[in-house]
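Sequence lines, in order, name chains A and B. In case it helps, the working numbering puts the first sequence at residues 1 to 608. In case it helps, the working numbering puts the second sequence at residues 1 to 351.
Calculated directly from the structure, the hints in this document are not laboratory data. Fair warning: this is a prediction, and the values are worked out from it, not measured in the lab. C-beta atoms are modelled at their ideal positions from N, C-alpha and C, and glycine is treated no differently. Mixed in with the good hints there might be a few duds.
No farther apart than 25 Å at their CA atoms in a straight line, the calculated lysine to any residue pairs in the SDA-like style are these [unchecked claim]:
{"hint": "1", "chain 1": "A", "residue 1": "Lys137", "chain 2": "B", "residue 2": "Lys140"}
{"hint": "2", "chain 1": "B", "residue 1": "Lys140", "chain 2": "A", "residue 2": "Ser475"}
{"hint": "3", "chain 1": "B", "residue 1": "Lys147", "chain 2": "A", "residue 2": "Gln468"}
Here are some chain B residues the structure puts well away from chain A; computed CB gaps all over 12 Å [as the list claims (entries may be wrong)]:
{"hint": "4", "residue": "Arg36"}
{"hint": "5", "residue": "Gln51"}
{"hint": "6", "residue": "Pro74"}
{"hint": "7", "residue": "His81"}
{"hint": "8", "residue": "Lys140"}
{"hint": "9", "residue": "Ala144"}
{"hint": "10", "residue": "Ala149"}
{"hint": "11", "residue": "Asn152"}
{"hint": "12", "residue": "Ala183"}
{"hint": "13", "residue": "Lys243"}
{"hint": "14", "residue": "Gly297"}
{"hint": "15", "residue": "Ala304"}
{"hint": "16", "residue": "His307"}
{"hint": "17", "residue": "Leu347"}
If you want the footprint, here are the derived chain B segments under chain A, 3+ residues with CB under 8 Å [claimed, not checked]:
{"hint": "18", "segment": "44-50"}
{"hint": "19", "segment": "129-138"}
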Amino acid sequence: MCGINGIFAFNPSANLPDRKELLATRDHMRARGPDAVGEWWDAAGRIGLGHRRLSIIDLSERATQPMASACGRYQVTFNGEIYNYPELRTRLEAQGRVFRTTSDTEVLLHLFDLKREAMVHDLRGMFAFAIWDDVAKSLFLARDSYGIKPLYTASDGWTFRFASQVKALLAGGKVSTDPESAGIVGFHVWGSVPEPFTLYREIRALPAGHTQVIDEAGPRAPQPFALVSDMLGMASPRPLAIDEMRDCLRTALGESVKAHLLADVEVGLFLSAGVDSGALLGLMRDAGQQKIRTITLSFSEYQGTSDNETPLASLVARQYGAEHQVRTVDEAEFQRDLPAILAAMDQPTIDGINSWFVSKAASEAGLKVALSGLGGDELLGGYPSFRDIPRWVGMFKVPAAVPGLAWLARSVMRHSALGRNNPKARGMVKYGGSYAGAYLLRRGLFLPFELDTILDPELVRDGLERLQLLPTVDSTMPPGARSSTARVAALESANYMRNQLLRDTDWTSMAHSIEVRTPLVDVALLQSVGPMIPQLTGALGKQLLAQAPSVPLPDAVVNRPKTGFNVPVGSWLDRKPDFDTALRGHVSRHRALDLMRTFATGAPALAG
Amino acid sequence: MTDAFGGYGGIAQYNRDFLSAAAGGCFPGPITVLARMANDEVGPLPTGVEQKSPTMNKFAYAARATVLALRQRPKVIYNAHLYHGPLSMRLARLTGAKLVSQLHGTEIWDDVPAGCLAALEASDLVLTVSRDTCARTLAKARIAPEKVAVINNTVGARFTPGDRDAARRKFAVAGEIVILTVARLDGREGYKGHDRVIPLIPKLRGMGVDAVYMIAGEGPDRDRLEALAQSRGVEHHVRFLGKIPVDDLPDLYRAADLFALPSVGEGFGISFVEAMACGTPAIGLGIGGSPDALVDGTLGTCVAPEHFADALIDLIINHPGRPSDLATRTRHHFDYPIFASQIRTQLQKVW
């Protein structure tokens, strides 16, 4: 896990890139890669690549990046892990390829030489990388299907820039800070900025599962190579028996966990009281890992409540013989860390606090890599949305189609107690009739009709126009999928998980120089599990997950009501006197507005 | 398009450059030009380019374009002006042609009519003359950033350092330090920035510099500027040259010691590049397209408005003379072969 960046003056009228800018962007990402730094320039000085390294695989200096191919034609700067690199390497060696390092980075160079852009289909892992071809004079970018690793780009028509973080691009000083209305409005709608937008018009995310080529003609349109929605659309041709599904899941999960343990340093685990991380611990043990250290967060506010994860997490740790560490976080520490949290936050998000502290705890424990159970709820139907969204769509499909009824319902409810205290209730008829709309009701922070009260109406109109809110959400569902479970799994994976959970995990863990790996967010796993997802209704998915380790999880964990991976931030922030505590979701909403003010203060263009 | 061969002005010049570049290597078929105007002699056309007789009336123009498009079934329709967008878009849809739109700069600054915006958004490629135009396009139109490219204007071959002494004699300049602006005297007050320069003339003269300010161009702002020169007591040192024939422009640039255009409204600012290609240093503001022409201050001087006066005086007092490699460096960024190769590269993206 690392920080990568580059500057390419593709337009012949442009000046050569400034070395100071390359280094300023690179070194803004110091925490992403504290172990080593590198830079590379082509002979003409038109392209520079930067790299900051967190050494995980092949700790030697040979594996320093940017790394050149033996022939000197290619240069790569890479952030992530390729979990199937041993197999790829064996295959490549059989074809006569000679390796100089034991790193996964070198595999990328050989694969690109052999297969060009099609190389991405061979990769299992989390990745964002750039490869410069010094003969074709073109730059190739790629980002993994789930979007676990970030990659941001900026082009002004003369010069193309990329980096692992938005703030790193800004730190270079040459990227425009003109605001992107779609990013600002998108943040208020979702609580995180939906890709490809950022708060700044010039900066965009390379969408997950896409590649992009930049050559003398400038950036070409990003091309999709493997979309999560497509993989979720592949239903099994025949219904599978429970035993078949259990076996398939056990094998696929076992392989994924094993693959994710690949490292030349110790791999730990973030352990909660839930099924996902507990099952991972059992599977780590099954994969043969002897020493396993687990980290669990504890909050004094939760002592004696069902939100307290410590007792069950300890039980699971004991069952699988892990060295368990409980890290207690209190309000004072939260308030102390808040400035650092805001400084590290790459784009505004209303979440990520839990990830911040668990990564901090892992770092204090001396860990460099930890597994996380993130993604289990999306893959195996763990969220209430799997139940609610299809129900709402069934309920509101007909009323939503009646002209004028949505407006009428909203107007009437505005004057009712329910409508006043729960703004989303006012949007039920308008949005509840479609999957995209119902998903907005489920995950949305502010609904579109509320935005005029908190943002400039012209910005809202422009932002919604550019954002194309519902069509964009709609496009993340598998085309033609009839299964409601597959639809919601796709919605959660390609929206909430991608724009919120994975991004938050990235910036919070990287701020502590911790690499978080997510065995439940894995393309190979998805390909195995995807066809059975339509059958994983109710709690079945999680039950099968609990049974995946050779020693199943204790019943107490499986039967525990879902509480989420909570942090008492609400109560810590609730003490602010201006909070309207009667309003549902008020904490998140106020936090969003506070955050936006913080980001606006940092960038003058957003303040206006 | 409005005009190309036989046309006058910057847009006609750009269109000629574009057509010559497109015909010179990448278009697989012939190029038919339908212009609204051609006031001057059309002259020889590049191989593969045919220009129809002009049609000024816009209804007749639209009808003729439609008939031509249906008959020829073009592969690409080049929409050379924002306001030809709606017609171009309809013809592209009618014939299945790819649509390439061109933006020259300031036409995108103000509100854009919905039809013209729709045409931009429907374009397969939008060519813009500066990074600023590109950014403004992306702010206004809902179009993928990869479809909007920057190809800066190119500088004509006749803009070279040439014989400076002869040029100075031609414009009756002896030992004076000449500051030059070439621009329309636009009615919008302060737009081109002549009134930022005039107050500096008495200041420079007070410092012992025999400075004169030559203003080439005509327009409704002339009376105001003359009055300003008079009020500052430099009416004899501010020379209004009127509209200069195109053929005399290179000598005018050569005669100057510094080209100044502190304009707040340049889509690109080709005159900066023409001056520097003639070997004359240039100064402008970091606003709009000017930073492209001045290459972010590495080719010419590019400053914020509040620093303009000090920067100009500093150039005259502390950096007199003409860098010997300025013309070469200018060509390095804006020479025709670079422009032509970019046109070809971009057009190849479309098919």
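Tested hints:
Note on Lys137 (chain A) and Lys140 (chain B): the hinted pairing is violated, with a Cα-Cα distance of about 32 Å set against a maximum of 25 Å. Only pairs whose Cα atoms come within 25 Å are accepted, and Lys140 (chain B) paired with Ser475 (chain A) is accepted, the gap being roughly 24 Å. Using a Cα cut-off of 25 Å, the hinted pair Lys147 (chain B) and Gln468 (chain A) holds, with the two alpha carbons roughly 19 Å apart. Interface exclusion of Arg36 (chain B) from chain A stands, the closest Cβ pair being 28 Å apart, more than 12 Å.
Residue-level check passed: Gln51 (chain B) sits 28 Å from the nearest beta carbon of chain A, beyond 12 Å. Every Cβ of chain A is farther than 12 Å from the Cβ of Pro74 (chain B); the closest lies at roughly 22 Å, confirming the non-interface assignment. Here His81 (chain B) stays apart from chain A, with its beta-carbon at least about 20 Å from theirs, past the 12 Å limit. Listed as outside the interface, Lys140 (chain B) is inconsistent with that label: its C-beta sits roughly 10 Å from the nearest C-beta of chain A, within the 12 Å cut-off.
The Cβ of Ala144 (chain B) sits about 6 Å from the closest Cβ of chain A, inside the 12 Å cut-off, so the non-interface label is violated. Taking the minimum C-beta to C-beta distance to chain A, about 6 Å, the non-interface status of Ala149 (chain B) is violated against the 12 Å cut. Not every beta carbon of chain A lies more than 12 Å from that of Asn152 (chain B), the smallest distance being close to 5 Å; the non-interface claim is violated. Every Cβ of chain A is farther than 12 Å from the Cβ of Ala183 (chain B); the closest lies at roughly 22 Å, confirming the non-interface assignment.
Every beta carbon of chain A lies more than 12 Å from that of Lys243 (chain B), the smallest distance being close to 29 Å; the non-interface claim holds. The Cβ of Gly297 (chain B) sits about 9 Å from the closest Cβ of chain A, inside the 12 Å cut-off, so the non-interface label is violated. Once the 12 Å rule is applied to beta carbons, Ala304 (chain B) is consistent with being away from chain A; the minimum gap is 14 Å. Every beta carbon of chain A lies more than 12 Å from that of His307 (chain B), the smallest distance being close to 18 Å; the non-interface claim holds.
For Leu347 (chain B), the condition that its CB be more than 12 Å from all CB atoms of chain A is violated, with the nearest at approximately 10 Å. Judged by the Cβ-Cβ criterion of 8 Å, the segment 44-50 of chain B is not covered by chain A as claimed, because only 0 of its residues qualify and three are needed. Note: the segment 129-138 of chain B has 5 residues with beta-carbon separation from chain A under 8 Å; the three-residue rule is met and the coverage holds.
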